[in-house]
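The primary structure of each chain is shown beneath.
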Amino acid sequence: MTTQEPDRFDRVDWDEISRSRWFDPSINGVGVLATAIPLLLVALYDWLVLDERTPTLDPVGLGWDVGTVDYLFLFTLSLFAFYIVLPLFQHPRRTRYYWREFRRNRPAVVSLGWLGVVFVGGILGPFLVSAPEQSILTGYQPPVFLSIDESYVSTCVGDIVGGRCQGTWRHPLGTTAGGKDVFAGIVHGMTISMQIGFITTTIVASIGIAVGTVSAYAGGWVDEVLMRFVDVVLSFPTLLMFLLVLYIYGAGLGMFILVFSAFAWGGTARYVRSKSLSIAEAEFIKANRISGASTYRVVRRHVAPNAASSIITQLTLLIPGFLLAEAQLAFLGLGDSAIPSWGQLISAGRSDLSFAPWIVLAPGMVLFLTILAFNFLGDALLDALNPEAEAENA
Amino acid sequence: MGFGRYVVARTLWAAAVSLIITTITFLLLAAAPNPQVQEAATQAALQGGDPAEAAERARELRGLDEPLYVRYADFVRGVYTLDWGWAESRSQPVTEALAQGLYYTAQYSVPWTILTVLIGPLVGVYSAANMYSWKDHAATGFAFFGYAIPNFFFGIILLLIFGVWLEAIPIVYNTDVPVFSVRNAVQLAVPVFVLVTGSIGAIMRVSRNESAEFQNADFMKTAKAKGVSPLRAYAYHVMRPTLVPLSTTLVGQLLALFLGSSLLVEVVFGIPGIGRVTYDALIAQDTNLVLGSTLAFTFVAVVGNLLEDIVFTVLDPRISYDDR
Chain A
63 MTTQEPDRFD
73 RVDWDEISRS
83 RWFDPSINGV
93 GVLATAIPLL
103 LVALYDWLVL
113 DERTPTLDPV
123 GLGWDVGTVD
133 YLFLFTLSLF
143 AFYIVLPLFQ
153 HPRRTRYYWR
163 EFRRNRPAVV
173 SLGWLGVVFV
183 GGILGPFLVS
193 APEQSILTGY
203 QPPVFLSIDE
213 SYVSTCVGDI
223 VGGRCQGTWR
233 HPLGTTAGGK
243 DVFAGIVHGM
253 TISMQIGFIT
263 TTIVASIGIA
273 VGTVSAYAGG
283 WVDEVLMRFV
293 DVVLSFPTLL
303 MFLLVLYIYG
313 AGLGMFILVF
323 SAFAWGGTAR
333 YVRSKSLSIA
343 EAEFIKANRI
353 SGASTYRVVR
363 RHVAPNAASS
373 IITQLTLLIP
383 GFLLAEAQLA
393 FLGLGDSAIP
403 SWGQLISAGR
413 SDLSFAPWIV
423 LAPGMVLFLT
433 ILAFNFLGDA
443 LLDALNPEAE
453 AENA
Chain B
1132 MGFGRYVVAR
1142 TLWAAAVSLI
1152 ITTITFLLLA
1162 AAPNPQVQEA
1172 ATQAALQGGD
1182 PAEAAERARE
1192 LRGLDEPLYV
1202 RYADFVRGVY
1212 TLDWGWAESR
1222 SQPVTEALAQ
1232 GLYYTAQYSV
1242 PWTILTVLIG
1252 PLVGVYSAAN
1262 MYSWKDHAAT
1272 GFAFFGYAIP
1282 NFFFGIILLL
1292 IFGVWLEAIP
1302 IVYNTDVPVF
1312 SVRNAVQLAV
1322 PVFVLVTGSI
1332 GAIMRVSRNE
1342 SAEFQNADFM
1352 KTAKAKGVSP
1362 LRAYAYHVMR
1372 PTLVPLSTTL
1382 VGQLLALFLG
1392 SSLLVEVVFG
1402 IPGIGRVTYD
1412 ALIAQDTNLV
1422 LGSTLAFTFV
1432 AVVGNLLEDI
1442 VFTVLDPRIS
1452 YDDR
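Protein chains in written order, with this note's numbering: chain A, 63 to 456; chain B, 1132 to 1455.
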């Protein structure tokens, strides 16, 4: 056997490792572009060629009408896939280390599993489970293994035993007053929740990181102006502002996402600023500057990646707030009543609470568990991604 | 910069923020079609009149035909002199409607705030003192539960259990009960409980994590070595430095909760407070009242942030005024 010669430092081809030309996208960037361009083309086709009534995918024989929110959602999904998931595969050793750290926190592992269910359910669910449909005759069907007094239901899908209608597997979580299947409603609500979570996070992250890093690096009056602007953004009562916009213009899911992300980035910007200020003090940044790196390069290649872990944690803890806000508005009857979100289901069942509690309880528990899971996950990510925080605990 | 100058500068800034928010609100309103003008046009069209002329008359009546800057000056003067107009849906001035709402909102907000501010840091520090024991885990579990459960959902569930099944509390809030009476305390107990569980979680977490840092600090070792009683050690040497970072989050979080939750909790429990007034005004399309309550909430938030920053500098003398 020949002995393999170890790599030597002076023989490394640096051009292979560091990419120095101004436009030389990584595989991640190529992936995002490869999905974004066809998406943009379809959107343009939808906007310019097809008339308003024709579903977007009609020419291929599918009846799915893609809306603005859907385009944004697909785009953010590709960002997530190429900039969060793919790097985990590109650096298996680091991923294994994170996983070892993360695994020690049991509730967080369970939370990740639950969020995985919501994620997959939100993406594949609408293709497998048909949208809940109105059918007055089969209203108030109880969930499987439960029963309801015969007098409340007009037609019982299951058997009637001793004057009580029994639940069936056709409606595993029962139906609402209008006969909408609660389980189907929850699955479709997962899509809405995932859309809200992904799109708002992407918008908040891009504005927050841009403002935060620019503020930290420019310093001086730019920093002062940007941070005072952040103060104004933070003083806005977002919910009330949204109510005002809703009252004046009317609003759907897209407007909800826009207004809430437009007022939510303040905290992220402040956080990113303080984080990048502390990283900028580090020795390796000075070394970078001395070797002649441009400000853009320092920020993009060194400050942003080093701040990324804490930013991700902070964003994880923002998502539940958005989900809660949507549910609250839907509950007040001020949300987009055309979309089957969890909040809509909760508000639909509110008046029937005393005899048909499942209509409120099932989506309410799902909402509660999802918010809880995001909180546990954020807590665990804080420990796993940030070794300093752990050293403090020990 | 001295303390006095800092307070003045900070107060001026708060005034500027309130003016910016007022301006944005005005622009939002000015850019939108006025529902009352549209209504007048529809009325005229239905009665065979000229809708354009009726719309013009309605605009003139409300001063909408004047140039934008005149209307803006009027609007700002009205806002700052508390001349907030007439609430058509309630047939009373907007300020009076809001004051009536505030009377009921205060009845549950005051006990809620006091309980949260008292219990939150106490439990947090206690759980840091017993870190990783079952008490700490129980407190952490409770904090996460309260933080994660949607207030309105929790309220509905408790109303179902105690109101419908056990019949221990009235389902609809009764306004005839005197403020300081047992019956009022009973009917407000559940809303206050819901709000406290919702707001206490975050405060418990922050105070637990912050005070954990001071547990093993040198001054704590010195205090213990001198034989200071644990109670005194925690009260004087852990609680005080913990309150400083806590105060930065406390006011902001309480305000956010106050704005969001008061609306929902009042709708769920049927309390005719300020949130309920806003909600009804929205439903009844009463522009003046919607605007008034939005501005009222906004000013509360601005003043709250101002107080928070000032209290922060008083609590922690190490902070220099120039850095902030």
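These are computed hints drawn from the structure, not numbers from a lab. Glycine is no exception: its CB is placed at the ideal position from the N, C-alpha and C atoms. Among the hints, a few may not be true.
[Claimed, not checked] The calculated label-pair distances, taken between Cβ atoms and stated as ranges, are: (1) B:I1151 <-> A:L106: 35 to 43 Å; (2) A:W109 <-> B:A1415: 55 to 63 Å; (3) A:V287 <-> B:L1297: 52 to 60 Å; (4) A:S340 <-> B:A1140: 41 to 49 Å; (5) A:L320 <-> B:V1313: 21 to 29 Å; (6) B:K1357 <-> A:L320: 36 to 44 Å; (7) B:T1226 <-> A:I99: 51 to 59 Å; (8) A:Y311 <-> B:I1151: 19 to 27 Å; (9) B:A1204 <-> A:R412: 41 to 49 Å.
[Unchecked claim] Okay, the calculated bits of chain B under chain A, using three or more residues with CB under 8 Å as the criterion: (10) 1134-1143; (11) 1205-1211; (12) 1246-1253; (13) 1302-1316.
[To be verified] Some chain A residues close to chain B (C-beta under 10 Å, calculated; not the full set): (14) V172; (15) L177; (16) G178; (17) A239; (18) I265; (19) D293; (20) L301; (21) L308; (22) L385.
Tested hints:
{"no.": "1", "hint": "B:I1151 <-> A:L106: 35 to 43 Å", "in the structure": "holds (37 Å)"}
{"no.": "2", "hint": "A:W109 <-> B:A1415: 55 to 63 Å", "in the structure": "violated (38 Å)"}
{"no.": "3", "hint": "A:V287 <-> B:L1297: 52 to 60 Å", "in the structure": "holds (57 Å)"}
{"no.": "4", "hint": "A:S340 <-> B:A1140: 41 to 49 Å", "in the structure": "violated (26 Å)"}
{"no.": "5", "hint": "A:L320 <-> B:V1313: 21 to 29 Å", "in the structure": "violated (48 Å)"}
{"no.": "6", "hint": "B:K1357 <-> A:L320: 36 to 44 Å", "in the structure": "violated (59 Å)"}
{"no.": "7", "hint": "B:T1226 <-> A:I99: 51 to 59 Å", "in the structure": "holds (56 Å)"}
{"no.": "8", "hint": "A:Y311 <-> B:I1151: 19 to 27 Å", "in the structure": "holds (21 Å)"}
{"no.": "9", "hint": "B:A1204 <-> A:R412: 41 to 49 Å", "in the structure": "holds (45 Å)"}
{"no.": "10", "hint": "1134-1143", "in the structure": "violated (count 0)"}
{"no.": "11", "hint": "1205-1211", "in the structure": "violated (count 0)"}
{"no.": "12", "hint": "1246-1253", "in the structure": "violated (count 0)"}
{"no.": "13", "hint": "1302-1316", "in the structure": "violated (count 0)"}
{"no.": "14", "hint": "V172", "in the structure": "violated (13 Å)"}
{"no.": "15", "hint": "L177", "in the structure": "violated (13 Å)"}
{"no.": "16", "hint": "G178", "in the structure": "violated (18 Å)"}
{"no.": "17", "hint": "A239", "in the structure": "violated (16 Å)"}
{"no.": "18", "hint": "I265", "in the structure": "violated (19 Å)"}
{"no.": "19", "hint": "D293", "in the structure": "holds (7 Å)"}
{"no.": "20", "hint": "L301", "in the structure": "holds (5 Å)"}
{"no.": "21", "hint": "L308", "in the structure": "holds (8 Å)"}
{"no.": "22", "hint": "L385", "in the structure": "holds (9 Å)"}
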